[in-house]
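Using the sequences provided together with the hints, build the complete structure.
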Amino acid sequence: MKAKVGVYVCECGPNISEKVDIDKILETLPGLEEYREIELVVKRFGLLCSGDGKTFLEDEINNNGLTHLVLGACSPRDHDKTFIGVCKKTSLNPFLYKIINIREHCAWIISDKDKATEKAITYIRAGINRVLFQSALLEKKLDINPDVLIIGGGIAGMEAALSLAARDRTVYLVEKDDHLGGKAVLLGGLLPRQGGGPAKIREKIESVLGNDMIKVYLESELEGVIGFLGNFEVIVGSPGDEEKKDLKVGAIIVATGSGLADPAILEGLDYSKTDEVITSMDAERMFSKEGKISLKSGGDPKSVALIHCVGREEKGYCSRICCNYMIKIAGYLKDQSADMKVTEFHRGLCLPDKADQGFQKEAEGRGVEFKRVRELTITGTNVRYEGMDGKSEGLKFDMVILAPALEPSEGTEGMADLLGVPLSESGYYQEIHQTTNPVATSIEGVFVVGAAHSPKGITDSMLFAQASAGKILSQLIPGGKITPEIKVSEILEAYCTGCGNCLDVCVYGAIYYDEGRGISVVNEAVCRGCGNCFGSCPSGALRTKHFTNTQLYEEMREAIR
Amino acid sequence: MQEKMENQELDQFKPKIVGFLCNWCTYAAADLAGSSKMEIDPALTVIRVMCSSRVDHNLVLTTFFSGADGVLIAGCHPGDCHYGAGNYYARRRYALLKKVMESLGLESERLKLSWISAAEGNRYAEVVNSFSEKIRQLGPNPINKMSGL
Ligand SMILES: Cc1cc2nc3c(=O)[nH]c(=O)nc-3n(C[C@H](O)[C@H](O)[C@H](O)COP(=O)(O)OP(=O)(O)OC[C@H]3O[C@@H](n4cnc5c(N)ncnc54)[C@H](O)[C@@H]3O)c2cc1C
Ligand code: SF4
Ligand code: SF4
Ligand code: FES
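The listed protein sequences correspond, in order, to chains E and B. Under the working numbering, residue 561 is the last one in the first sequence; the count climbs by one each step, no gaps. Under the working numbering, residue 149 is the last one in the second sequence; the count climbs by one each step, no gaps.
Calculated directly from the structure, the hints in this document are not laboratory data. Check before you lean on any hint, since a few could be wrong.
Unchecked claim - Beta-carbon label-pair distances, calculated as ranges:
hint, chain 1, residue 1, chain 2, residue 2, range
1, E, D114, B, S35, 18 to 28 Å
2, B, P142, E, L423, 44 to 54 Å
3, B, A119, E, E37, 40 to 50 Å
4, E, S135, B, P142, 28 to 38 Å
5, B, E126, E, H433, 18 to 28 Å
6, B, A119, E, G411, 36 to 46 Å
7, E, L423, B, E39, 36 to 46 Å
8, E, G479, B, F65, 50 to 60 Å
From the three backbone atoms N, C-alpha and C, an ideal C-beta is built for every residue, glycine too.
Below, the structure written as C-alpha cells:
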C-alpha cells in the first residue's frame, strides 16, 4: 500500500504567508510523489492551531485516510502538543505526524522571500522523508500510586510524613536507627527563637507514631528501587533480617540528613588525642543527658573555647547553622555558671535569621567573648590564633568545643547510586534547579529535603519537607493516570555483544546486564530517551525510538539534497 | 580558463550545513532568534535531537559523506544538559571526530560544536552566521569531488 501523506502549510496569519510563497511550496511538493512512491495531499490553511484548523485537520485525516501527517507551521515547542491532540482524536498514530518549523526557522530569519521559500521547501521535504520512516508507538497509561516512601525519620522526614498523611496518603517511613527524631532529638536544646525546645521534637515523634497512615520501619534501609514517578517499586530490608518488604509508591522523599565531618582528620586539631576537646554534638548530647557540660576528668570547666568553622575551608562551603548553635551552647555554659570564661573563635559570623543578631548581642551581654580570627591551631586545650589585626596570641582553656562542618550523611553515595540521583560537587544531592525547583531531583518523583539537601537548621528542614509534600500532593492525584516516556532506547538482542559500554554512559542507570542472556537490557521505565547510549555502542545494537538512525539519516539526506 | 571556472563555481557555491540541535537549549535558542526576527544565513538546516549526546560518529560522518559542507552540533552549556552529562559525552566524541576527519582528508573546521542556551538567541545567530561564512571560505566538501557526487 502506498503511503498517503497529508502536507498542510499554515499561513499563521501574515507570519508565514507574507514571508514565504506558500503556493510555490504547494506546486513544488508533488514532485516528490514519484521519487518516493507516495501519494500526497497538499493544502494551505489560515491558522492550523485554531479551533477551525483542528477540525479541518481531523476531517482531512479521516476523509483522506492519511497514513502520515506533515505540518509546515511553527515550532514544536509551541504546538506539537496541540497537533498530537488532533491525531489522538483520529486513527492516526501521533508518532506518524511531524511539525516542521518553517516560521521560526525560515519565515522569520530569512528576509529574501525566494530564499525563505526555497528553505521552507527543503525543510518540508526533509520532514516528509523523516515521517515516512517513523513508526507508530503506543502510549501506555498507568494508574498513579499516590503513596509515598520517605527515607530518614529525622525532623524533615517526619514533617513530610505528617503533611502527606494529613491528606490521607499512606506513608512508609524508613529509618535506619532504632528511633525517630534524627539529630534534633539528641540536642540539649533549641534556639530561643524556636521556642519549646526538645519537647517539641518529641511531640512530633509521638504524632508520627500515633498516625495510622504512617507505617514506620525502624532499623531498616532501602535496598532496591525501580520505576518512575507514580509507579516506583521499592525493597526495604533490615540488616541481618532475611525477610524483605516490597512496597509500591508513587514518590520518594530522601530525608537522610547530614553528618558531621570528623575533626580528627583536620590538621592542627587534637580532637582524637585530648579528652577535653569535644565536638558540638558531644556537648549537645551531654547537656541533653546530664543537664550540664562537664570535663571528662570530672567537675565543671572554668574556661571553654568554642571553635567555629572547623573544616569549612576543606569542605568549601559554610554549614550555616553552626554560628547559631555555638552561641546556644555558650548559653548552656553561662547558665551553668555565670562567671565561666566562654570565648567563641569565629571567622565572620553567619547569622541568617531575623532574630539572630539580637541573640548574639544578648550572649555578648552575658560576657561571652567573640574573637574573629584568621588562623588558629589547637594543641591540647591551648588555642593559638592570629586575630584580624595580624597579632598572634595563645590562650589556655579547660575545654575546647569544635563545630565541625556538616557533610553528606554516611551512605549518601550508595543511596544516590540506587536512586540514580546525581550528586553535586559538595557531595550533597543535586537539586534539579535552585531557582525553579529546589526540592526536586533530575529523577522525576524523587525529592530531597532537610539537611540531606544541604546544611540546614530545623526550620529550613521543615520548610523543604512541606514543599516536597506540596509537590507530591499536586502531582500525584489519586485516581490519576500517568504516561511514561515512550521515546526510549532499546537494545536488539541479536546484535548486542554484552560489552557494557552503554551501561557506563547512562547517567540514569537505565541499562542493566542480563547475565543469563549475556546482553544488556534497557529498563524502559527508567530510560529518558536522551540517546547517549546510542553513540557508545560499537555493535549497532542500540535504537533510540523516534530518533533512530534511519529517521535522522533520511531527514538529513533531504536537508542537503 | 580553468581558474575562471573555479571562481565561478565558488561564487555559486551554496554551502549545505546541517545543524544538530539539542531540544532543550539550542533548539529553543534558534526559536528565540526566529521570534526576535534576526537575519540568519539560510545555509544551515536544523535537525532536532533530544540531546547533543545523540549525535554519534556515524551520524556526523554519514552527513559529510552524503555531501554536507559543514556540520554544527549544539547543545546546553556544560553542567546544564537536561540529562545531566550528555554534552560531556558529545564533547568527547567531537574531539575524536575531528581527528577522524583529518585522517579522511576532510578539514576538521567543517565540524563545529557550540554550547548555546535557550536564552542566547543572539549567540545562535552569531554562531550560525560565522560558521556559514567559514564554510563558504573553505569551499565545497572535498568528498563531493572525490566521489563525483
Ligand atoms: C550540634 C548541633 C546543634 C544543632 N542545633 C540546632 C538548633 O539549635 N536549631 C536548629 O534548628 N538546628 C540545629 N541543628 C541542626 C539540626 O540538627 C538539623 O537541622 C536537623 O537535624 C535536620 O533534620 P533532618 O531530618 O534533615 O536530618 P537528621 O536530623 O540528620 O535526620 C536524618 C535521619 O535519617 C536517618 N538516615 C540517614 N541515612 C539513612 C538511610 N540510608 N536509611 C534510613 N535512614 C537514614 C538518620 O538515622 C536520621 O534519623 C544542630 C545541629 C548540630 C550538629
Ligand atoms: S537513552 Fe539515555 S537514559 Fe535511555 S538508556 Fe540510553 S543513555 Fe540511558
Ligand atoms: S554497548 Fe551495545 S553491544 Fe555493548 S552492551 Fe550496550 S548494547 Fe550491547
Ligand atoms: S539536553 Fe541539551 S545537551 Fe543534553
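A quick look at each hint next to the structure:
Between E/D114 and B/S35 the CB atoms are about 23 Å apart, so this pair conforms to the stated range of 18 to 28 Å. A C-beta distance of roughly 46 Å is found between B/P142 and E/L423, which places it inside the suggested range of 44 to 54 Å. Checked against the given bound of 40 to 50 Å, the beta carbons of B/A119 and E/E37, roughly 44 Å apart, stay inside it. Checking the proposed 28 to 38 Å range against E/S135 and B/P142 shows it holds: the Cβ atoms sit about 36 Å from each other.
Range check, B/E126 to E/H433: about 27 Å between beta-carbon atoms, so the 18 to 28 Å window is met. A beta carbon spacing of about 38 Å between B/A119 and E/G411 agrees with the range 36 to 46 Å that was offered as a hint. Here the CB-CB span from E/L423 to B/E39 is close to 44 Å, well matched to the stated 36 to 46 Å. Checked against the hint of 50 to 60 Å, the C-beta distance between E/G479 and B/F65 comes to roughly 53 Å, which is consistent with it.
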